[in-house]
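**Q** Sequence:
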Amino acid sequence: MLQILCLALFGLLPGVRADPGALIRLGMDIMNHEVQRAMEESHILEKMAAEAGKKRPGVKPIKGLSNMKVKDVITPVITLNFVPGVGIFQCVATGMTITGKSFTGGNMEIIVVLNITATNRFLQDEETGLPMFKSEDCEIILVSVKTNLPSNMLPKVINKFLDSTLHKVLPSLMCPAIDAVLVYVNERWASLNNPVSVGRMGTVKYALASAPTTTASHVQVDFSPLVQQQMGKTIPLANTEEALEFPEDYAEGSSQLLLSAAFLTAELGLLQKSLDVKIQDKMIGELPPQTTGTLADFLPVVAKIYPKPKPLVTQIKINKSPKVTMKSGQSLLHLHGTLEMFAAQRGKRPVSLFLLELHFNLRIQYSVHENRLQLATSLNRVLSLSRGSSSVGKFNENELTNFITDYLQEAYTPVVNDVFQVGLPLPDLLAINYDLAELDIIENALVLDLKEA
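Letter by letter, the sequence shown follows residues -18 to -1, 1 to 435 in mature numbering (1 follows the signal peptide of the UniProt record, and there is no 0).
Source of the hints: derived by calculation from the structure; they are not laboratory data. Certain hints may be false.
Restricting the straight-line Cα-Cα distance to at most 20 angstroms, the calculated cross-link-like pairs of lysine-lysine (PhoX-like) are [to be verified]: (1) Lys290 / Lys309; (2) Lys290 / Lys305; (3) Lys290 / Lys330; (4) Lys260 / Lys286; (5) Lys83 / Lys128; (6) Lys215 / Lys187; (7) Lys53 / Lys128; (8) Lys215 / Lys255; (9) Lys51 / Lys128; (10) Lys290 / Lys264; (11) Lys53 / Lys150; (12) Lys255 / Lys292; (13) Lys255 / Lys286; (14) Lys260 / Lys302; (15) Lys150 / Lys29; (16) Lys51 / Lys116; (17) Lys53 / Lys83; (18) Lys51 / Lys83; (19) Lys255 / Lys290; (20) Lys128 / Lys142; (21) Lys260 / Lys299; (22) Lys215 / Lys305; (23) Lys255 / Lys299; (24) Lys302 / Lys215; (25) Lys376 / Lys286; (26) Lys83 / Lys150.
Quantities reported herein were computed from a predicted structural model and do not represent experimental measurements.
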């Protein structure tokens, strides 16, 4: 069984911490999977082995060994351990067979089992602002060495030759493999710099708020998301008094993404104009026919003005930014706007019957599909209703509460859900599959408990 040593992955840069709109903490499950996958998918050890026997500029041939080749590379075993305030201690255990002609003139095989260690710092690239790994102090530690050199040779001669050969071959062969794997992992952060569209209304970019931090169980990255409208105007995140923190009831070493209610509010602000709608269908869901005759059941005066039923046209406008609120187990979307109802007339412009100022909220259910956060809504309640204008005379708007409530649920909520089908982008890093996450609503935030397949 291979012995495994650890490799310190990173030290952290000091920095000023900004109020984040999103946090992600990566436990050993995600990090170990990512580094192992990088090693396997890059096939870097096999590539290094294939290059071993080729002449390279500036590299002198090894005295006493010619026609060198490397074969039978053992699949690496990697183990990671977090070092609080520093980074990750990583262990890479592998082995291989080095062949060639020895100084004795015969064919030689050296079977080596080894550990590769290095200190790789996790830095924030000054140019791109992205996280990046940088390798330092790579070392090769031999676990076992076997050779087919003749047994009648003096042990000191054999050991001197092996020591000289391996210390020349292995560092130049294995240490670049560590660098190459880190390049592969670094590329998995690169997409964070790309603004991701939210329909045609704007973009979201997950910029780092500060340098990452490490504890004994995870690395944490704080984001200061940039929510930008199509014309370039930025939607700021509302200031919150309470600090954004992960709940304590998740398994130690697990990984989570936390999205604040303030951040989701800013994102939905991009879609505000799409929530304005004019509805003129006569038959809608379970509602009775949308005519002045139906409206007259709630406002009798309408029947006097329109004894013959006329089709209704309804225009809803959202005049304040949508606001997301969250408490344990529940999330609501608050909408403030106007509802204006018209009587349609053939060949003429519709006649405005009344305009209502309204505040209502919708229950939100969250899910993830194709790595985008999906929202499905249903009406919770109408919170306030007031008359703005009326061509049918004065009336008590409370008489319309049931009519408006049913209308919003059957006619308007489907419009909202259609708009929200665009989904909200999640941070694209380390090829994390958010579709596997379990979702939980906590105070002022949504938590995605990340899982590996």
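**Q** Each hint should be assessed against the structure and marked as holding or not.
**A** Comparing the hints with the structure gives:
1. Lys290 / Lys309: Given that 20 angstroms is the threshold and the Cα spacing comes to 49 angstroms, the pair is violated.
2. Lys290 / Lys305: violated, 41 angstroms
3. Lys290 / Lys330: holds, 16 angstroms
4. Lys260 / Lys286: Cα-Cα ~26 angstroms, so violated.
5. Lys83 / Lys128: Holds. Lys83 to Lys128 sits at ~16 angstroms (cutoff 20 angstroms).
6. Lys215 / Lys187: holds, 13 angstroms
7. Lys53 / Lys128: holds, 15 angstroms
8. Lys215 / Lys255: holds, 14 angstroms
9. Lys51 / Lys128: Since the Cα atoms of Lys51 and Lys128 sit roughly 16 angstroms apart, the hinted pair holds (cutoff 20 angstroms).
10. Lys290 / Lys264: holds, 15 angstroms
11. Lys53 / Lys150: OK: Lys53 and Lys150 at ~17 angstroms, within 20 angstroms.
12. Lys255 / Lys292: At roughly 29 angstroms apart (the allowed maximum being 20 angstroms), Lys292 and Lys255 break the hint.
13. Lys255 / Lys286: Judged against 20 angstroms, a Cα distance of about 36 angstroms means the pair is violated.
14. Lys260 / Lys302: OK: Lys260 and Lys302 at ~18 angstroms, within 20 angstroms.
15. Lys150 / Lys29: holds, 18 angstroms
16. Lys51 / Lys116: violated, 29 angstroms
17. Lys53 / Lys83: holds, 15 angstroms
18. Lys51 / Lys83: holds, 10 angstroms
19. Lys255 / Lys290: Answer violated: Lys255 to Lys290 is near 35 angstroms, above 20 angstroms.
20. Lys128 / Lys142: holds, 14 angstroms
21. Lys260 / Lys299: holds, 9 angstroms
22. Lys215 / Lys305: Holds, at about 19 angstroms.
23. Lys255 / Lys299: Holds - the C-alpha atoms of Lys299 and Lys255 are around 8 angstroms apart, at most 20 angstroms.
24. Lys302 / Lys215: Distance of about 16 angstroms is within 20 angstroms: holds.
25. Lys376 / Lys286: holds, 14 angstroms
26. Lys83 / Lys150: holds, 16 angstroms
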